[in-house]
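Residue numbers (this note's numbering), protein chains in the order written: chain A, 2 to 280; chain U, 5 to 295.
Be careful, since some hints might not be right.
As the list claims (entries may be wrong) - Covered stretches of chain A, going by a simulated chain U footprint (3 or more residues, C-beta under 8 Å):
no.	segment
1	118-127
2	212-222
Said to hold, decoys possible - Beta-carbon label-pair distances, calculated as ranges:
no.	chain 1	residue 1	chain 2	residue 2	range
3	U	Thr256	A	Ala42	30 to 40 Å
4	U	Leu79	A	Gln183	49 to 59 Å
5	U	Pro51	A	Leu56	44 to 54 Å
6	A	Leu88	U	Val91	57 to 67 Å
7	U	Ala152	A	Ser220	28 to 38 Å
8	U	Arg238	A	Trp168	31 to 41 Å
Think of the hints as simulated: they come from the structure by calculation, not from any bench.
Cβ coordinates follow ideal geometry from the N, Cα and C atoms, glycine included.
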Amino acid sequence: MTGAGYGRMERLFWGAGSAVVVIYALLPVAWIVSLSLKRSADLGDNRFLPDVVSLEHYATVFRDPQFSAALWNSIGIAAISTLAAVLLGAFTAYAIVRLEFPGRRLILAGALAIAMFPPISIIGPLFNTWRTLGLYDTWAGLILPYMTFTLPLAIWTLAAFFREIPWDLDKAARVDGATAFQAFVHVIAPLAAPGVFSAAILVFMFAWNDFLFAASLTSTDHARTVPAAIAFFTGSSRFEQPTGSVAAASVVVTVPVIIVVLLFQRRIVAGLTAGAVKG
Amino acid sequence: MSRRAAAEHRLAWLLCAPAVIAMLVVTAWPMLYAVWLSLFRYDLRFPDQRQFVGLDNYLSVLGSETWWQALFNTLLITVGSVSVELVLGFAFALVMHRALIGRRLVRASLLVPYGIITVVAAMSWRFAFDPTTGFVNALLGLDGAWLAERWSAFFVIIQTEIWKTTPFMALLLLAGLTLVPADLLRAARVDGANALQRFFRVTLPLMRPVIMVALLFRTLDAFRIFDTVFVQTRGAQGTDSVSIVGYNTLITRLNLGLGSAVSVLIFVCVLAIAALYIRGFGIDLSRREDS
Chain A
2 MTGAGYGRME RLFWGAGSAV VVIYALLPVA WIVSLSLKRS ADLGDNRFLP
52 DVVSLEHYAT VFRDPQFSAA LWNSIGIAAI STLAAVLLGA FTAYAIVRLE
102 FPGRRLILAG ALAIAMFPPI SIIGPLFNTW RTLGLYDTWA GLILPYMTFT
152 LPLAIWTLAA FFREIPWDLD KAARVDGATA FQAFVHVIAP LAAPGVFSAA
202 ILVFMFAWND FLFAASLTST DHARTVPAAI AFFTGSSRFE QPTGSVAAAS
252 VVVTVPVIIV VLLFQRRIVA GLTAGAVKG
Chain U
5 MSRRAAAEHR LAWLLCAPAV IAMLVVTAWP MLYAVWLSLF RYDLRFPDQR
55 QFVGLDNYLS VLGSETWWQA LFNTLLITVG SVSVELVLGF AFALVMHRAL
105 IGRRLVRASL LVPYGIITVV AAMSWRFAFD PTTGFVNALL GLDGAWLAER
155 WSAFFVIIQT EIWKTTPFMA LLLLAGLTLV PADLLRAARV DGANALQRFF
205 RVTLPLMRPV IMVALLFRTL DAFRIFDTVF VQTRGAQGTD SVSIVGYNTL
255 ITRLNLGLGS AVSVLIFVCV LAIAALYIRG FGIDLSRRED S
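Generate coordinates for the entire structure from the input sequences, incorporating the hints supplied.
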């Protein structure tokens, strides 16, 4: 950056700005962590920080078979959706970037239309069809919509990344005596990997985050994912508000997000902006 | 057409086929099915009484106060959150653009709201504003039950949306900011333009395409709001969004006919918003496909 021309005041101003942004972004996360560490008796003390740190809510949550089932469902469903969307998206993006064929624009425009599509509009038909086909309350019943709704994201992001790849290097490697397979594995795949990885993170986040499909197309531990489990969480008794357990469960599923964000922030930002700005 | 070109077309369609088929089967077909269902009286609790009723379902929805109130609520939440997000997102983008120390930290922190599960974010803010568990009342010296009253509930819902989605706006705008040539800004500075003039006369006009795309995506996204409202009020206190009305009719009351009419109307609204942006504000989405 052009740091040389900055005055002291200016630097102070932007530094203070950064601090405000960081606090604003992390405040609700700090709050739910703090809430999850309070003792049940202290949940109503209206204080930001816990008086006494206690892990009782975490113990409750991990003893609850509903939560572990939901966690397993979320991980499995999101992982398979991601794999499927990125694979199909990569095929399509490759064709769009590398091959001349009628319908390229149509596919891109169609994908864009689906990205803007309101999921609530197809909930009824999916609910009805899934019950008939036996897909209601199954992994496949969620994987299909997740894969479809993330395909536009995958196609646009991957196409934007693939456009930047110097594909001719592949030919150069072949001239140097590499087989087509070797050229792909040693030359093209490493160049394409960062883009594929960026797309995969974004797709995973979508599937991990979704609530509408999960709330509408599942009903039991068989396929209910974490967001739906948290939203429909009821305490162990009718008289107990499950605040502490909800907070602990929320923290458990937020920790992986924070780790991914810290490790891969550049990849996420690149993926987010690739489709929308560079395009 | 040469044989080579024909082979290329075949390969291309082979590669695209799985994705295209998935998109058609899981979105286009259910959408048509929704239109079809919306023409029937069809309640899953009384499946035998299924009967063709033409446009009656649409007349019932459009004649109900619930729909219009939900539409008003949804537009209020959309305009309220997107407009604040644009301003706040710009401020955040400028901070990230200018901050010399800790830019990585700022960016990583902003990705937390973006990545966090919406249901979790909504829960956290719900507990924060809750009169028994929350700290907000104690902090502000108030004792209101925020989510038990309509306008304060809207405030909580909208600010949750803003917190969750401003990072998306900020990151897109930051990418746009880096496209503004530094030479141009330096030249404007030399010519005596102050910071505000440089921002409004140079930066903003150059960023117009990025801003419009970010606004379009965020507006359509905000219009679909479901998770936050569901978690924080379940639509009580007159805070229904259109997606909540659709969900309640379809999944809670199992009224597929009426619910499908709501679904189709929501789809029409989304089309209208997209058309407004693309025609009215002249976003050229096709430009993005080349280059």
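A quick look at each hint next to the structure:
Judged by the Cβ-Cβ criterion of 8 Å, the segment 118-127 of chain A is covered by chain U as claimed, because 10 of its residues qualify and three suffice. With 4 residues having a Cβ less than 8 Å from any Cβ of chain U, the segment 212-222 of chain A passes the three-residue criterion, so the hint holds. Distance hint check: the CB atoms of U/Thr256 and A/Ala42 are about 35 Å apart, consistent with the given range 30 to 40 Å. For U/Leu79 and A/Gln183, the Cβ-Cβ distance of about 57 Å falls inside the hinted range of 49 to 59 Å, so the restraint holds.
Taking 44 to 54 Å as the suggested C-beta distance range, the pair U/Pro51 and A/Leu56 conforms, at roughly 49 Å. A hinted range of 57 to 67 Å is violated for the C-beta pair A/Leu88 and U/Val91, which are about 40 Å apart. A C-beta distance of roughly 29 Å is found between U/Ala152 and A/Ser220, which places it inside the suggested range of 28 to 38 Å. Look at U/Arg238 against A/Trp168: about 52 Å separates their beta carbons, and that is not inside 31 to 41 Å.
When each numbered hint is compared with the structure, violations occur for hints 6, 8.
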